[in-house]
Amino acid sequence: MLPFASSGSKVTSRHHVSGYSNGYPRGNTFEISPHRFQPRGTTPASRRQRKLLVRIGVVAAVLLLFALLSWSTTGSALSVFSLGLLSGGGGGDDDFQLETVRYYDLSNVQGTARGWEREERILLCVPLRDAEAHLPMFFSHLRNFTYPHHLIDLAFLVSDSKDQTLEVLTRRLEEIQAAEEEEDMSFGEISIIEKDFGQVVNQDVESRHGFAAQAGRRKLMARARNWLLSAALRPSHSWVYWRDVDVETAPFTILEDLMRHNKDVIVPNVWRPLPEWLGGEQPYDLNSWQESETALALADTLDEDAVIVEGYAEYATWRPHLAYLRDPYGDPDMEMEIDGVGGVSILAKAQVFRYGVHFPAFSFEKHAETEGFGKMARRMQFSVVGLPHYTIWHMYEPSVDDIKHMEQMELARLAQEKEDREKAEKAQKLKESFGDTTGQWEEDRSQLQNLALQEKKAAKEKNAAAAEQAGAPAAGGAADEKVVARDGRQEDGKT
Amino acid sequence: MARSMGPVRLKKTSPVTIVLGTALCIFILYFLIGPSTPDFSASRKATAASHPLSPPTSPFRKSTGSRKPKPPPVSHYNLNNVTVTANPLENRENILILTPMARFYQGYWDNLLRLSYPHELITLGFILPKTTEGNTATTALQKQIARTQKSGQEKDRFKSIIILRQDFDPPIQSQDESERHKMKNQKIRRAGMAKARNSLLFSTLGPATSWVLWVDADVVETPPTLIQDLARHNQPVITPNCYQRYWNPETKEMDERAYDFNNWQDSPTAQDLAKQMDPDDILLEGYGEMATYRTLMAYLYKEDGLLHEEIPLDGVGGATLLVKADVHRDGAMFPPFSFYHLIETEGFAKMAKRLGWQPIGLPNYKVYHYNE
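Each protein sequence line maps, in turn, to chains A and B.
Throughout the first sequence, residue numbering follows UniProt numbering, covering 1 to 495 in sequence.
Throughout the second sequence, residue numbering follows UniProt numbering, covering 1 to 372 in sequence.
These are calculated hints, taken from the structure and not from any lab test.
Predicted model only: the values in this text are computed from it and were never measured.
Treat the hints loosely; a few may be bogus.
The calculated label-pair distances, taken between Cβ atoms and stated as ranges, are [what the hints assert, rightly or not]: (1) A/Ala306 x B/Pro118: 19 to 29 angstroms; (2) B/Lys62 x A/Gly216: 28 to 38 angstroms; (3) B/Thr139 x A/Glu119: 21 to 31 angstroms.
Covered by chain B, according to a simulated footprint, are these stretches of chain A (three or more residues, beta-carbon under 8 angstroms) [what the hints assert, rightly or not]: (4) 49-61; (5) 189-197.
Some chain A residues flagged as far from chain B (calculated, every beta-carbon gap over 10 angstroms) [unchecked claim]: (6) Ala113; (7) Arg118; (8) Asp153; (9) Gln177; (10) Gly216; (11) Arg354; (12) Met409; (13) Lys423; (14) Asp444.
By construction, the Cβ of each residue, glycine as well, lies at the ideal position given by its N, Cα and C atoms.
With the rest of the complex left out, here is chain A (with noise of 0.2 angstroms):
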């Protein structure tokens, strides 16, 4: 039976020959033309079955199609042609990898003595700024720590930069992260953070430190470390250590230097140095401090919103400064107390910033940025410590006074050059067009000598009749004196 199911035209062939297919004889039926009956081969109720099922077969068929394209425009259309077998992990697998519940201890963070025995995280912090110039030197020392690099955060916070800094920093820091031979070399998270604040200010030395521009600057500063820190900030970091740029030279160990002291907030000393004729080195960073009577009595004279900035004559505050307490043969180890911090380099246990201590961009007792940072530690009753006898040094970046102080040495010197090459040519010249004097000298001496000899011959001759005892003496002094000035003359010629 069944090879004859699918062809239908035997059927109807046969149908056609007999006219009898339903097994009823054609009785008194009307003709119908034409001639031809085709009887149905189903009953009306299968038909309709029928019917309702292909309906179903074409609706199924199209919600499959529909629901292929929406899954494959989510990317699940490859599970469905290899089957789910190809992908095996992938697809829904991920949902379960995913984590989305942390908990943290911060009891475990609280920053030690020790911390690199203790697996401590710290994050370095780095406000950039069009600082293209100085990354390869920031690199070298990056590379240089000693401090566990896979317990080390780095964020950076790149802001209103007009040349390459994120460009430059974005390669670099791919490059540490993909070597594979150095794999000690690598970091722990990186966040590179770019926001602008519009700075109007200039970042050139002289519109950076003149005096009308500071209260405005720091607190725009200030924003922008508070950006940084509250972006980058996480409950297993230990400790926070706040860097510059453009710091020069700094112990290898700096972390764990610094660390050894287990205070909430230290500093080291920040010097510079200078050219020679500056005096070859200079105190940078003044503005860590230890509070005076005399500031605090200025601080309440000024307004709610005024800032006190340390290092301009405009305030005299006769604070004593880290900076000017260094001794290069102190011990480095030795602390003091202060209630101002630099920014160069903080360390700071994270505790402190987690606590709530940051960088005020408002007048904080009358302080902005790193000062006010200080004050609100020590408000906080946070130790804040800076080391007088531990240095690192910034770089040198010539002011505009140095510069114009320079190019006056150089024109100095390029005068003095000039005119000592006149001078030169002059004698050179002199030596040239009377350069045989020399030889005449020699036969003029010996000529004056000749006749001073007769001369004393002939005197000689003279007195030896009359008083040989008395005039002899003299004359030999007399001539003695006559030798002495010509060799002066001779020396004068020569140089």
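Position chain B relative to chain A; hints supplied.
Frame of chain A; chain B shown alone:
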């Protein structure tokens, strides 16, 4: 008959087979692709970090292999692109809900789950003390979290959840209402609260958060559209009025009363009081011994008032407080010391003002505090 019926019957069955086959196919395919539920997972996966060392506000992919983990990637975050707007839903802005918790209230959790803001944009942060009470609360919290995040409905699951344990002991052991509110204990207690809030805030804020919503663990009823409603005002710091439902024995029915008195507008009396104070002393609200005559938002509620009426505030409470992340990023924190004679949330309002951000209150928009 039999000869003719045979093929006919077969013809009839063949579409059935096809349909059955198709149905079966769909059935199989459904189970093959089924587990990867479309919409949510895609966006969730896109926001997930590839390394455990990442901002805690997003989930991360657990490493499956036993091989040595790769060093973390160099991550870029452009904070210029993190928007904070009146329409957070449209801009898909991330919300961080922060709660310092000493006791776990089921009502609090249920209320969180009812929030209509897309949960895949919400990160929760909790901080709990390391006391017996804190341990109990942690256990209860973790149970609820596991239920929601692992077996809950996809739409109920939050983007990420952070649980912190405090690194200092709470100064006052008892969390009882009476003990907690004694005036002499207030400064120490609120300094501790401020430290807890700051610890929670500054270690979870991360680079992607647009708004921070502070909700106290004992706030058990808010409108489900709370986030959208508050953000709509586009204010740097905004707080609704915190009330409490209670059984009024006089009228013999449920009633409500004002609860949070830390939302206020300053008064000359309070400023005079402050002037005579020691720099370390603080002004407190809601104590008879210290009448400040400040205008309290709690009493400004008008039944027929506009729901979205705004008033400027000088001090805020922390029961429910929506803050633009920018305000916190600029440095506004909860001072654990006397800041202009103010502390914690009230000090926060002052600090925000010093930074140029004006706090706003909604006297007619109510949320409800748990009644013990």
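Outcome of the hint check:
1. Remark: the range hint 19 to 29 angstroms for A/Ala306 to B/Pro118 is contradicted by a beta-carbon distance near 46 angstroms.
2. Between B/Lys62 and A/Gly216 the CB atoms are about 47 angstroms apart, so this pair departs from the stated range of 28 to 38 angstroms.
3. At about 28 angstroms, the CB distance of B/Thr139 to A/Glu119 agrees with the hint of 21 to 31 angstroms.
4. Counting residues of the segment 49-61 of chain A whose beta-carbon sits less than 8 angstroms from any beta-carbon of chain B gives 8, enough to reach three: the coverage restraint holds.
5. Counting residues of the segment 189-197 of chain A whose C-beta lies closer than 8 angstroms to any C-beta of chain B gives 8; at least three are required, and the coverage claim holds.
6. Distance to chain B confirms A/Ala113 as a non-interface residue, since its nearest Cβ pair spans about 17 angstroms, more than 10 angstroms.
7. Listed as a non-interface residue, A/Arg118 keeps its Cβ farther than 10 angstroms from every Cβ of chain B; the least gap is roughly 15 angstroms.
8. Its beta-carbon lying about 7 angstroms from the closest one in chain B, A/Asp153 breaks the requirement of being farther than 10 angstroms from that chain.
9. Residue placement check: A/Gln177 does not keep its beta carbon more than 10 angstroms from all beta carbons of chain B (closest about 5 angstroms).
10. Even its closest Cβ contact with chain B, about 13 angstroms, leaves A/Gly216 beyond 10 angstroms, as expected for a residue assigned away from the interface.
11. With a minimum CB-CB distance of about 4 angstroms to chain B, A/Arg354 fails to clear the 10 angstroms threshold, and the non-interface call is violated.
12. For A/Met409, the shortest C-beta to C-beta distance to chain B comes to about 45 angstroms, beyond the 10 angstroms cut-off, and the non-interface label holds.
13. Annotated as non-interface, A/Lys423 keeps its C-beta farther than 10 angstroms from every C-beta of chain B; the closest such distance is 61 angstroms.
14. The claim that A/Asp444 is not at the interface with chain B holds, since no C-beta of that chain comes within 10 angstroms of its own (minimum 87 angstroms).
The structure is inconsistent with the numbered hints 1, 2, 8, 9 and 11, although it conforms to all the rest.
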